[in-house]
Amino acid sequence: MLLNQFLVLAAVLFCIGVYGVIARKNGVLVLMSVELILNAVNINLVAFSAMTDSISGQVFALFVIAVAAAEVGVGLAIVLAIFRTHKTVDLDQVDLMKG
Amino acid sequence: MLTHAWIIPLIPAISFVLILAIGKKLPRGGSEIGIASVAICFVLALTVAFGWVSRVNDGTPPEGRQSSQSYLITEGHETRPVTEADAEAENGTDAAAHGTEAEATSTDHEAEATESTEATATEDEHGTETSAEGEEGGEEHHATSAVVRDMTWFDSGGFDIRVGTMVDGLSSLMLVVVTLISLLVHVFSTDYVAGDRRYTHYFAFLSLFTASMLFFVLSSSTIQMIVGWELVGLCSFALIGHWWEEKPNSDAALKAFLTNRVGDVGLLCGMIILFFAANGSFDIVRITEMANEGAIRHSLLLIASLSLMTAVMSKSGQFVLHTWLPDAMAGPTPVSALIHAATMVVAGIYMVARLYPVFFEGLSIGTGNINALAIMGSVTLLFGALLAFVQSDIKKVLAYSTISQLGYMVMALGVGAWTAAIFHLFTHAIFKACLFLGSGSLAHHIHSFDMKKDMGGMRKVMPKTYATFLIGTAALMGVPLVTAGFWSKDEILAGAHMLGGGGDGYPFAIVMGLLGAICTCAYMTRAIWYVFFGEPRGKSAEMELHENGPRIVVPLMILAFGSIVAGFVNIPDGSIPWPAKWQLWFEHMVEPTGTYFVATNPDFGHPSFLPWVAVVSFGAIVVGAGAAYLWYWKGLGPHGITERNRFARAGYVVLEKKYGLDILYTDWIAGGVKGPIARAAYWINQNVIDGLVNLVGRTAAKTGQWVYRYVDQGAIDGAVNGSGATASGAGEVLRKTQTGKVQTYGSYLFVGAALLAAVIVVIAS
Amino acid sequence: MPASLLAVTTETYSTPVLDWHALAPLVILMVTLGLAIIVDSISARRTSTVLPNLAGLGMLAALIPVLTLAISDDRSRELFGGSFVVDRFSLLMSALFLVAGYVTVLLSTNYIAEGDYHEGEYYFLLVASVAGMVFMASARDLISIFVALELLSIPAYLLASWRKRTQTGIEGGMKYYLMGVFASAIMLYGMSLIFGGTGHTRLVDVGEALHGSFGSEPIAVIGIVLTLVGFAFKVSAVPFHNWAPDTYEGAPTPITAFLSVASKAAGFVALIQLIFVGFLGRDDVVRPMMFILAALTMFVGNVIALRQTNVVRLFAYSSVAQAGFILAPLAVVAADDPAVLSGIVESMTLYLVAYALMNLGAFAVIIAVSRRTGTGEMDSWGGLFSWAPALAVTMAIFLFSLGGIPPMLGWNAKFRLFDAVVSAGTASAYTMAVIMAINTVISMAYYLTLVRRMFVDDAPDGDHTPIKVPVPLVAAMAITATVVVVAGVIPGPLSDLAQSATLAIAG
Amino acid sequence: MKDLLNSWGPTAATFLPLVGMLVLLAIPKTEETLAKVVALVTTTSVFVVVVAMLFEFDYDSTGTMQFALDKSWIEAINARYTIGIDGMSLPLIVLTAFVMPFVVIYSWDHFPEPKNPKVFLTLLLILETGMVGCFVAQDLLLFFVFFEVVLLPMFFLIGVFGGDDRKYASFKFFLYTVFGSAFMIVSILAVYFLYAQNVGDGTGTFSLAALSAWGGEGLAKNTGILIFGGFFLAFGVKVPMFPFHTWLPDAHTQAPTQGSVILAAVLLKLGTYGFIRIAIPLLPEAAKWWAPIIGLLAVIGIIYGALGCLAQTDMKRLIAFSSVAHMGYVMLGIATLTPLGINAAIFGMVAHGLITGMLFFIAGSVKDRFHTLDMSRLGGLLLKAPHMGWLLGFSVMASLGLPGLAGFWGEFPALLAAYSPAEGLSEPVFRTFMVIGAIGTIFAAGYLLWMLQRVAFGRPTEEFEDEHIHDMHLTDYIAWAPFIVMIVVLGVYPQLIFKITDGAVVQSLAAITGN
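Those sequence lines, one after another, are chains A, B, C and D. By our numbering, the letter at position 23 of the first sequence is numbered 23, and the numbering carries on one by one without gaps. By our numbering, the letter at position 501 of the second sequence is numbered 501, and the numbering carries on one by one without gaps. By our numbering, the letter at position 69 of the third sequence is numbered 69, and the numbering carries on one by one without gaps. By our numbering, the letter at position 201 of the fourth sequence is numbered 201, and the numbering carries on one by one without gaps.
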């Protein structure tokens, strides 16, 4: 019972995150949405870890948190560079290359 | 010599190569090589003929023949067997035919290690049968089998395809005819085409033709016949197109070759059918024997003979496929004489005669009253004769005359008169060559063959040509008793009366033959009038004409002489007083008696001399020639009847024709033939038949263009390029999915993953 | 919870015995990384040749322990409780990554030095990414796979954005980054589900657990699919491929080569490990998924490639299509047929090696040519044969090899893919083979287009001055071209290598 | 020497050209004469090796593989370097080795644009390796490799040295062939694994001998038919059979003369050779199912090729289309599945190689001198260049199947065989094919003579009336004379080839004829 609630929460977070990645125009918000998904994953991992009494889920979650930090660092740098060259962070307008 | 006949075609073949190689450097441009080779061939052909005659007469090959061979270049083992054969043959005098045959073949086996034993068995067996049946049948002469000598040409798939020579009366005769005419034409040509820019090539191809023709007539297998058949066609092509700078000439050459190719389809199919019918053999003896014995299904024989008839139709200028022959007159005249009158065009006749049992059984010649071969021949003979009426070109007259005469031969074969056909072939070759060379002699200076425009009154300036031409004409008309044509044509007509179911013979053939004879006389008389009588016109009036030199005149004289005496080799019993030894000598010598021929077939027979036929045909001459004489010389007859009311005339004919030949003559022959019928026939010929031929050609080209444009470049290539374009187009469409917007990509990614998961959950559970 | 956690650790903790030999390649790479930072910071001139040489040497040095491990014995070395395994497969793949990294350094030397780029960080990141790949080759645990993936990816995002001052450069990097993190997030979600169901992160345990009751639940299927999607993204399988063309075009060309070869290979390595060690119990899930992905990838990649006018984009789509070919054998995995399994791994391994060689070679030529033309448009390749015959011939070798024409290596490798597919003998296997056959022809069409440009067309401006190719590029081309031709004619050694490498994982 | 030849003869014949190529690569571009000499020496030495084998060949057992060599190649999949020569391949190897030196001689002063002898000759040598390799390979995979290797040099020969439309032509040539062979790969593998399942105890093989001995026994009928279909596509495209032929006219028209000659003389034969060497012996039962289809496509090809010829205005394109028709006869012979037919097919291959090669030589020389092949602008070749004109006439006659020349022995026996196809094939159907094929000979004569008339007869057009046209060069004589001699010799004594092929063909058809 308990587990299901965690899982549903994670699924909802996941979906919100996916929606954000696909629908939001602002690059920074898209990054945040990705973080949402990662956090959904973390909830899952920790919940499962507790349920199965296995430590590796928590370890996994720690790794995810650490890596997410690194990713966001890189991501923000890229968004910054985008802003420099394109004078916008609206991802819809960054479509020079296509086809 | 009979077993060494292979040398004969080899000589002109070598001569061909030699002329091409060194001809231009020789003082006479290579013609000397050609003449020498053909002369040697002629001598050898005579040797073979004498050899055969002796073989028939006493079953023993003549002595001393080796001496004449000693100068020939042969490998040691090639000459030796003959000596042995001779020696052995002397021992076997009692069982003459059998002995000879066996030796001929057995020695061959010694000579040719490659020869299969199966063939030996066949040969021996057939020799035995021949002599046995000969005795039973009580024939007055011994059954004499052909001398066959062959070797493996190639093996393929378990079939032993052989090549060799087959010497019997028929092929000996052909050897003599071909080499004789060829020799005379060679001599004639040295003057006639002198100064021609391709003089050397001309002689080279004459040599090649001679070689091919000799190869053809000596064939021991049908595949070899095909080879020879096509090779003579090639030479015909090359020589018709000799002056290829002018388009009409090359057109004519193409037409000849292509029309012959149409017939060749029949030849190939027919020969293939016979090959399998004979259990996988091209061997002529085997095929004919099996046909004779009824070992081949009748339906197969029928299809084969009908197929082969197509070939005859094209090569021998029979009705429907004859149109190339008049066009072939575009070639030099001596070529016309040699190829398109005397030799090549009779290849079809020869082929039928060679494979006669196939036709005899296949078409039920012995028992029917009508058959395709006879119809084809008789229609051709009349049609050709009618067409000859409206020609103004002397060579075309002769060409149509040739078609008509070939029709006689085919008809003769169709009604079962084998010997008559071959006899006519023989005499026709001589007198038609005489006529053609005569026309060449006439045109030598004026360079025109137009009788109406450029000739006339030439009997005065060219008396020798005139005389020989007249003799040739007489032979063609069949002036009784003295000319060769009479005897041969008479035998055909008699033969048409001989066989057939219920003893009725082939009545229509007789009628057609007589009508043809009348026409023949009339058109030849007309030609004589235009050429030799009246006042000189056109070029012959403008130029100072004189008789030609000896190289032209002497061959003419020889041929004219032949046109008279050639008939006396086959004088039928009871016609004129003639030594019994020489009566039907030709038949005796030429007609095969072995099991590979129909001689033993009870349905087969020989015509006897019928005085009434002779009289009627004489009447035909009188009518035909007389009418033409009256018409042209005397200006008699209803000139201009064609302008009058034809309907009335038709009714008049219907009413009046029973009153007699003169009415028939007036309305039908002089008025009708000269007028509407001949013209209609010519119109049909030029527009319908020839048109058809041309149409076929044009249609093929048009179809080709259509197919190429729409099917090949359109549909097929289009489909291929289309699939390329489709792929490329799909690429263009799919390219649109690459929008450049990262979130579109993101949605693809997620939707893709979700769909995949959904689909696979369904599939995998 | 923390108590239990503590309890567990105190009971079972013992200092792990580290097999330094097995870790040596990674250690050497890490040392190189450190050195690179130090050298970069103390070096006065930013355009020295020290850094590239250092990076290159570091990778070559890392190859030494790989070789010594390979010849030491056949035993596979397991570290960290089986999360990190050094076996023949991982060694061969490590070698491939190291060589590819080295060739990338060769490609980069002049490109980076002549452009206005930061050099120190560039090589640092490159080595880091290669280290991630080498790590990936040995990772047999969901966590270590994830970490390895991020270790190779994050530097790669930065490398792809290296031309950050140009609009296209940063755009390509952004797309790669965003799609990358999104895909890895989805993958992680899938991994979390698998972990939840099985309770294990070690692939071997996951595999065993999947055979159990969890294996038959739909949630397992979703977990497997989402996990594999993350790597399908990495190998740019359709419909997860869209980043590739844009990123390839925007990134520095040596990095494009690196991404299309090494990064893709790493994705395949992960896929192979996941599928063969972890997910074999659900081969009925893997088969249809890989069938769909492979077929789609081949068709879409090839067909769009037909319409490309830019050489780099052409190669981007070509690499998409090539990924489809490599995926194809996975469409016939059959848990119960070891012969088929080993055939699949063997052929994929062989093809990865071949593909790396020929694609790197091709990019070397592209870099060399664009040094003169300054553009990637195909028109500028016209008449290459007339002004740079050697380059044209070399390029033709790579192109025909990619198209699978004997006697190039690509032919043999592609044949082995066919071989592996057909060996399953099922109807879908033959269908896949026919799809591959058709796609071989389509792919040949655009490779030929380029060949035609080089050999048949005239130079666009009539300029026939020869081209000067720097030594590192020549070396890269020479190495790859020689191997492509020689191994094509005598394919024995290479396929033996692939065969021995796969025994461990599929055996 | 004899032992050396026995084991290494075919290998030498295959790879000598590659050695020559390497030497050629080492020669500087400016040394054109040296390059030519190297190429000539190489091709001649291949010819010498082949002739030596011709003398060593045991003609009493043409059905067994001679000069055989078996070495390991790709052990992982049991593909071996197995080569050897039997009666079926010998004529084609001789043909290949025979054609190449004369092509090089012809090239002496006829280098196509852009004049780059080194590259051109390099390509020729690679091509020779591929072609000879195809004919000696007795391993399916090895054969496939050579089969594909041939593509590359030919692609460049057309693409670099071809005519105006060479892009399109080379592209089409390559893609068509790749298309066919891509399917062949699937078939090859299917055979490999089915062999493993059925007889090999799990071990597959590419050995043609083993696979032929198996002959697809125990396969489901449809499986065999589908596998044969893969081979059919590959070889059918190469032959080319209708409707896969459209690459041929383009390739021929655009290729340089030498390319056309090789294409016609050897390359097309790879397809037909594939049928008789691989497809039929491997899958005799499926072959029977396919035979009527092949026969039908063959006769369609005969008529269709002829119609295509009649529509052409370009001499070279016409000759190219005539190949479609001629290969139709070859395929008809093969479709009969009888020794008679397949012997005829092999003869047809050799004959077509010589004759059409000769025609392309002449067309190339005409183009060289008149700078056009548009037949409406040509004419009077016999006046302008009599020797060449006569040779054109000769070749035309040979090509239309005149008896006494080589062409006839490919054509007529094929028709002959069609009358009585192998057991189990419908006689009425094949007899209809025979008649249609025979009718095709009329068309053949039609378009070829039409071409002869337009090119050689008549007078030159005004355009060329006063232009000096050089008749044959010395190199032309040297290069062409052997072709002509062979055409005549084979025409007069066809046993030269039939004797070699017969035994091998009979053996390869053992499964069908039941011997």
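Incorrect hints may have been included.
Said to hold, decoys possible - Within a straight-line C-alpha distance of at most 25 angstroms, the following computed BS3-like cross-link-like pairs (lysine-lysine) qualify: (1) D:167 / D:115; (2) D:2 / D:71; (3) B:741 / A:87; (4) C:468 / D:29; (5) B:464 / B:247; (6) B:247 / A:25; (7) B:741 / A:25; (8) D:115 / B:247.
Derived from the structure by calculation, the hints contain no laboratory data.
Status of the hints after comparison with the structure:
no. : hint          : result
1   : D:167 / D:115 : 18 angstroms, holds
2   : D:2 / D:71    : 20 angstroms, holds
3   : B:741 / A:87  : 17 angstroms, holds
4   : C:468 / D:29  : 19 angstroms, holds
5   : B:464 / B:247 : 35 angstroms, violated
6   : B:247 / A:25  : 82 angstroms, violated
7   : B:741 / A:25  : 10 angstroms, holds
8   : D:115 / B:247 : 39 angstroms, violated
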